[in-house]
Every structure is written in C-alpha cells, then in structure tokens.
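Protein chains: 2
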Amino acid sequence: MAPETGYVVGADIGGTSLRLALAGMDGNVLAKWKVSTAGIRDPQVVVRLIHEGVEDLLKQNFLPLSVLRAVAAGAPGVTDVDAGIVIATSYLMGWRNVPLRALLEARLGVPVAIENDVNTAAIAEGKIGAAKGIRDFVFLAVGTGIGAGIVLNGRLFHGMNWSAGEIGYMLVPGTSVSPVKTGEPGALESLVGGEGIKAQWQSLWSANRTKLPKDLVATQIFDHALTGEPLARTVLRKSAETLAYAIYNLAVVLNCPLFVLGGTVGMHPALWEATQEVLAHRDKRVQPKLLRSTLGPDAQVNGAIHLAIDTAVSRALSS
Amino acid sequence: MAPETGYVVGADIGGTSLRLALAGMDGNVLAKWKVSTAGIRDPQVVVRLIHEGVEDLLKQNFLPLSVLRAVAAGAPGVTDVDAGIVIATSYLMGWRNVPLRALLEARLGVPVAIENDVNTAAIAEGKIGAAKGIRDFVFLAVGTGIGAGIVLNGRLFHGMNWSAGEIGYMLVPGTSVSPVKTGEPGALESLVGGEGIKAQWQSLWSANRTKLPKDLVATQIFDHALTGEPLARTVLRKSAETLAYAIYNLAVVLNCPLFVLGGTVGMHPALWEATQEVLAHRDKRVQPKLLRSTLGPDAQVNGAIHLAIDTAVSRALSS
Chain X
1 MAPETGYVVG ADIGGTSLRL ALAGMDGNVL AKWKVSTAGI RDPQVVVRLI HEGVEDLLKQ
61 NFLPLSVLRA VAAGAPGVTD VDAGIVIATS YLMGWRNVPL RALLEARLGV PVAIENDVNT
121 AAIAEGKIGA AKGIRDFVFL AVGTGIGAGI VLNGRLFHGM NWSAGEIGYM LVPGTSVSPV
181 KTGEPGALES LVGGEGIKAQ WQSLWSANRT KLPKDLVATQ IFDHALTGEP LARTVLRKSA
241 ETLAYAIYNL AVVLNCPLFV LGGTVGMHPA LWEATQEVLA HRDKRVQPKL LRSTLGPDAQ
301 VNGAIHLAID TAVSRALSS
Chain U
1001 MAPETGYVVG ADIGGTSLRL ALAGMDGNVL AKWKVSTAGI RDPQVVVRLI HEGVEDLLKQ
1061 NFLPLSVLRA VAAGAPGVTD VDAGIVIATS YLMGWRNVPL RALLEARLGV PVAIENDVNT
1121 AAIAEGKIGA AKGIRDFVFL AVGTGIGAGI VLNGRLFHGM NWSAGEIGYM LVPGTSVSPV
1181 KTGEPGALES LVGGEGIKAQ WQSLWSANRT KLPKDLVATQ IFDHALTGEP LARTVLRKSA
1241 ETLAYAIYNL AVVLNCPLFV LGGTVGMHPA LWEATQEVLA HRDKRVQPKL LRSTLGPDAQ
1301 VNGAIHLAID TAVSRALSS
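So the sequences go chain by chain: X and U.
Going by the numbering used here, the first sequence opens with residue 1, and the numbers climb by one from there.
Going by the numbering used here, the second sequence opens with residue 1001, and the numbers climb by one from there.
By construction, these hints were calculated from the structure, which means they are not laboratory data.
Small disclaimer: the values here were computed from a predicted structure and weren't measured.
Note that CB positions come from ideal geometry on N, CA and C, so glycine has one too.
Any given hint could be a false lead.
Now the in silico label distances, taken between C-beta atoms and shown as ranges [stated by the list, open to error]:
| no. | chain 1 | residue 1 | chain 2 | residue 2 | range |
| --- | --- | --- | --- | --- | --- |
| 1 | X | Pro179 | U | Gly1183 | 32 to 42 Å |
| 2 | U | Lys1289 | X | Ala83 | 51 to 61 Å |
| 3 | U | Asn1161 | X | Gly296 | 50 to 60 Å |
| 4 | U | Val1067 | X | Pro173 | 48 to 58 Å |
| 5 | U | Thr1294 | X | Glu4 | 53 to 63 Å |
| 6 | X | Val177 | U | Arg1041 | 49 to 59 Å |
| 7 | U | Arg1135 | X | Pro179 | 20 to 30 Å |
Listed next, the in silico BS3-like pairs over lysine-lysine satisfying Cα-Cα at most 25 Å (straight line) [as the list claims (entries may be wrong)]:
| no. | chain 1 | residue 1 | chain 2 | residue 2 |
| --- | --- | --- | --- | --- |
| 8 | X | Lys127 | X | Lys34 |
| 9 | X | Lys181 | X | Lys198 |
| 10 | X | Lys181 | U | Lys1238 |
| 11 | U | Lys1181 | X | Lys284 |
| 12 | X | Lys214 | X | Lys198 |
| 13 | X | Lys181 | U | Lys1034 |
| 14 | U | Lys1034 | U | Lys1127 |
| 15 | U | Lys1127 | X | Lys238 |
| 16 | X | Lys181 | U | Lys1211 |
| 17 | X | Lys289 | U | Lys1289 |
| 18 | U | Lys1214 | U | Lys1238 |
| 19 | X | Lys32 | X | Lys127 |
| 20 | X | Lys211 | X | Lys181 |
| 21 | U | Lys1032 | U | Lys1181 |
| 22 | X | Lys238 | X | Lys198 |
So, partial list: chain X residues that the calculated Cβ filter (under 8 Å) puts toward chain U [unchecked claim]:
| no. | residue |
| --- | --- |
| 23 | Gly159 |
| 24 | Ala164 |
| 25 | Leu171 |
| 26 | Val172 |
| 27 | Pro173 |
| 28 | Leu226 |
| 29 | Tyr248 |
| 30 | Pro257 |
| 31 | His281 |
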C-alpha cells in the first residue's frame, strides 16, 4: 500500500467507556464509535468490543477490512509499549500483565500498538493540540486521579519500568506523608484528584458555612467558586496551590517550559486560572506556561490515531 | 593521533578550589593539581589558572604540550553545553553568560568541553562509580546547596534551558512555601543543604536541650547523631525525611531505580542510612536503591576527564 493510502483506528479504553475513531493516514477523523464498559473487566471482552467497533466503523464508511493498516489503543494503566503488555491498571479494571497487543493483533490481523492513555493524550496535544510543535512539555490529566504524560526531546518519556509520570503519588506541602497502601490513591491525587476535591469539600462543609449541598462533585464546586461562593473558593484555592506546587516541582526537575492541563477536573477554567495565579507569584526564574488542553475528551483517541499512523508507516518501512 | 594515544585534562571549578587531573585516554589518572580560588571571581583569572595547571601537570610528567588532546571543565552553575557558555553561577562567583569554552580553547589550543559540575560528577558515577552500567539514575549532590545530575537512557538530561535537576527548589512536606527571592537558596536546600541543617540545629538549640555547642556544621551534627545525641538525632531525622520525600518525588516522576548520594553532606553515612529507612517504609511500589558515591570529592574531576576523552574521540572522528 502507498504510504498515504489506507486507514487506521485509534481506541481509548476507559473504566466507563470504550471510544474508537476511524481516520485517514493524514489523521483526519472520519467517524467515531463509543460503547459503555461499565462493569466490564475481562480483557477478552474489551478486545471483542474493539473488534466490533472497528468493523462497525469500516462498514459505516463502506470500506473493506483490507484498507485497515493499523490500530492503536490507549489503556488506563502502566503499559510496556515494547512488549505490548498492560502491566497493571487501577483496581477498577484490575488488569495484570495483559498481552493486549498480541490479543488485538490476533483478532484484527493488522499491526497494533498500545500505550498508556495519559501518554496517548500527550501525543495528541503535541501533534495537533495545545503543545503543537513544542519539544519538551508535560500533559497533566486531572480526573478522578492525576497522571502526567512527559514529552522530552519530542518523544514520550516512559521511565525504567514504564511508570514515569505517576505524579498522583507526589509529596508537596499540605499532602499527607503517611505511607501509601497498595491500591489506595496517592498523596497528591487525594487532595486534587476529583475524589480528593470532593473530600476536601465534605470535610469543610457544614450547614452554617454554606447554603450549597454537601454532595457536590469537583467541577460543580469549581463552578460555584467562579460565582464567588466563599467555601467553594477555599477549596479551589487549596486545590490550585497543591497543583501549582506539583507543577513547580516538575518544572524544576525537568526544566520544562509548558504544561497542558487536561481531564474533566483539569480542564475547568477556575482551576486553570487559580493555579496560574499561584505559579506567577512563586519564583521569577521558574515560570512555566500553563495551557488548557485544546482537544479535551478527544485527546486520548486522537493520540491513539497518531500512534496507529506511526505504526502503519514504520511497518511499511521495515517490510 | 591514534585513538588510544595522547592525554586529557579534567578540571573542576569550585568556589573554594580549582582541581585538575591529567589522564590517559583510558581514563587512568596520572597526576592531580589543586589551587585555591577563594576570593577569585574573574573568569579570565580562572582560565589563566587552568592554563597554569595544565602546563604544570604536563611538565611534572615530562610530557610536551602536543600530547594534550582535549580538556573538559565542570562549572558550578547553569551551563549551556552546546554553546560552551556558563549561563549563571551562584552569587559567590557571580558569573553571567561566560563563554568559558571559547576562552579555554583560545588559551589552550585544544578542543574543550564544559559542563555543570553536578553533571560531571554524575558522568563519573555512571562510568566508574556507584552507578556504573546503570541506564537511568540520579546523582544527588548535597553540599551547601542541593543539585541533581539526571541520567536517562545513559545520557545526561539537561532540560530545555540547561537547568534540569535544580532540585534545591523542590517543595515537599515541611518546606517553606514562601515565594523564592532571587539569589536566595531554594526551599529544599534551606532545610537539607549544609547551611539548612546548621540552621535547623541553631533554631532547636538551647543550653537546656544539649551539651553540644550551638556552632556545629552539618557533618558534625550527623556525627553526634550517630553517637545517639538526642537533639542531633532530631535534626538528622528531619533532614532524612525531607531528603527522602525529594528522592521519592524524583523516583515517581522519572521512574528512576537508582539514586547516588554525593557531596560532603550527602556522603555522610548517618544521612544515607536514615534516608533509606524513611524510603523503605513509604511505598512498596516505589523503592529506589540509594547508594553513596564511591568517588567522593574526586567525582567532578573524574567526570571531566571522561568528558574530555569523549571530546577528543569525537573530534578525531569528525576531522
């Protein structure tokens, strides 16, 4: 097949949904596909769903299977990209050493690449998003937990055991220093992950202090902070300080000039603005630029598309 | 000249002394040379001293200038390795944008390489020291301040503006969160650099609490901690906790399996042991190995020798 012909599929495997997109070799998305993964833990079932999605996407576009050149999938856990194995996901899915690449290649009959889902999002932000053309940057996914996709010299940095950027465990002023128990969230995400922000709110909440309900999620709390509600502003300030300290530490260690905030919580404009404010007053020498993701919830699938394109091209070159 | 013939000189420029060593192309040191730099700030004077040292070393060994193939120098500040410029050193020397490589090449007439001094120490630990053969590791220099030399995929990681590893500014539980003023030490080194440890001691000291004098340096305090003196043990514990949190953060971000402690304070066995103890109880998943430098105060000059050898070899290949 000529380099520019054919199609790829990018997939994002999440705890609540599986999202796929079909694209040309130029990265332009032709169609999307989505299915719930609530309650699904078995990797074989996920592989079967991806297969169904790929067939659906091709059929919708009146394309034969033979035009499919490669597939890439982002997985929500530590992923050995070279071996094609998902080493571990969080307790929700509970995967351990799943040979996802081999399972998908056997099922789909095309070259497959796998990657951690925060890293696929970082790929997309670097190719077509907020970090387009930037050599060194960090993509921060702030959702239920917190993870970082680190791009150095234009390439993803994976670390010795594929778990670089697990910054949910970072220790900064204000975080707990208690030893980490297996399966429990890390110190940083316990404060500024979605669940941590909810927990902050609930621990400060009393009927005397606010008219708002006790049961709010992080983005609702930040919405109220934007309207000036005092308790919500307190939680926002604490969250922004803690996140700013983590970004500052990353900037100091990696000498990294750009951070891109993504994830449902990280994308919130109130958190972005307040975090920027803290960073601006910390240290004149260390002033990393802080941008919001331009791709939002599409970042992961988009990154998987670009990874699939690279896979198709490198297979074509080596054959 | 054949690849294996000839000699190189490695130099370490410090605030108190300038150290040089002459070596063969196998890295074996033939002779050392040292001169005080107390009170010397002028880069031209440092260049002249290096020239004198190089001539002395060759003369001592009955070698003509023609056998010298390259020189490398470590400088105590942010160093642009590509441009050969020392961008900034601490207020003690006060260098700003000194074209050290060009100055030395003009004076010595041989190829010269320059590098940050913590990075030269990291080079040496990776070539012949505690991290020999390890692909990813961090060398931590704990002296008056704290700096890190980060080696990833077997190469020094410099960052976007040559200041990766400036971890003296890291924020961990227990450090101040006050904004950093220009020229002042960072939050982490304010607690566990040599001066910070002294300050901890002095702030806790009272004649009722200890029979030891108020005026002790960090290594003396740690010596007393080893004998069980309670106040010294308190300072040791706090210092070790803070250092362990910083190492933990680096391990989490970089997924780095090995840390080498160097510098006069960092080499102290009491700090090493106590820091290891804190790390061992923090997190089962994140258990970086912690070793003491095997090269000690020779690490910087030794790393410069290896950098000079690489410079000589690469010039020979490109000419």
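Evaluation of the provided hints:
The beta-carbon spacing between Pro179/X and Gly1183/U, approximately 37 Å, falls within the hinted interval of 32 to 42 Å. Range check, Lys1289/U to Ala83/X: about 23 Å between beta-carbon atoms, so the 51 to 61 Å window is missed. One distance hint, 50 to 60 Å for the beta-carbon pair Asn1161/U and Gly296/X, is violated here, with the actual separation near 30 Å. Distance hint for Val1067/U and Pro173/X: a CB-CB separation of about 55 Å, consistent with the stated range 48 to 58 Å.
A C-beta distance of roughly 55 Å is found between Thr1294/U and Glu4/X, which places it inside the suggested range of 53 to 63 Å. Taking 49 to 59 Å as the suggested C-beta distance range, the pair Val177/X and Arg1041/U does not conform, at roughly 41 Å. A beta carbon spacing of about 28 Å between Arg1135/U and Pro179/X agrees with the range 20 to 30 Å that was offered as a hint. Annotation: proposed proximity of Lys127/X to Lys34/X holds, straight-line Cα distance about 23 Å (limit 25 Å).
Distance restraint check for Lys181/X and Lys198/X: the Cα-Cα separation of roughly 21 Å lies within the 25 Å cut-off, and the hinted pair is therefore satisfied. With a CA separation close to 23 Å, the supplied pair Lys181/X and Lys1238/U stays within the 25 Å bound. Restraint check: the Cα-Cα separation between Lys1181/U and Lys284/X comes to about 8 Å, which is no more than 25 Å; the hinted pair holds. A hinted pair counts as satisfied when its Cα atoms are at most 25 Å apart, and Lys214/X with Lys198/X qualifies at roughly 9 Å.
The hinted pair formed by Lys181/X and Lys1034/U fails the criterion: a straight-line CA distance of about 51 Å is larger than 25 Å. Taking the CA atoms of Lys1034/U and Lys1127/U, the gap is near 23 Å; set against the 25 Å cutoff, the hint holds. Annotation: proposed proximity of Lys1127/U to Lys238/X is violated, straight-line Cα distance about 45 Å (limit 25 Å). Simply put, Lys181/X and Lys1211/U have alpha-carbon atoms about 41 Å apart, too far for the 25 Å limit, and the pair is violated.
Our distance criterion of 25 Å between C-alpha atoms is broken by Lys289/X and Lys1289/U, whose separation comes to about 34 Å. At most 25 Å may separate the alpha-carbon atoms for a hinted pair to count; Lys1214/U and Lys1238/U meet this at roughly 18 Å. As the CA atoms of Lys32/X and Lys127/X are separated by approximately 19 Å, the hinted pair is consistent with the 25 Å bound. Proximity of Lys211/X to Lys181/X is assessed by CA-CA distance (about 36 Å); at most 25 Å being required, the pair is judged violated.
Between the alpha carbons of Lys1032/U and Lys1181/U the distance comes to roughly 39 Å, so the proposed pair goes past 25 Å and is violated. For the given pair, Lys238/X sits about 12 Å from Lys198/X by alpha-carbon distance, which is consistent with the 25 Å threshold. Given hint, Gly159/X at the interface with chain U, holds; its Cβ is 2 Å from that chain's nearest Cβ, closer than 8 Å. Annotation: Ala164/X was flagged as interfacial toward chain U, and the flag holds, the nearest CB pair being 4 Å apart, inside 8 Å.
A hinted interface residue such as Leu171/X counts as satisfied when its beta carbon comes closer than 8 Å to some beta carbon of chain U; here the least separation is about 5 Å, so the hint holds. Below 8 Å, beta-carbon pairs count as interface contacts, and Val172/X has one with chain U at about 5 Å; its hint therefore holds. Nearest Cβ of chain U to the Cβ of Pro173/X: about 5 Å, under the 8 Å cut. The hint holds. With a cut of 8 Å, the hint placing Leu226/X at the interface with chain U is violated, because the nearest CB-to-CB distance is about 25 Å.
Residue-level restraint check for Tyr248/X holds (minimum Cβ-Cβ distance to chain U is 6 Å; threshold 8 Å). Using the Cβ-Cβ criterion of 8 Å, the hint placing Pro257/X at the interface with chain U is satisfied: the shortest such distance is roughly 5 Å. Contact between His281/X and chain U, as hinted, is supported at the beta carbon level, the nearest pair being about 6 Å apart and thus within 8 Å.
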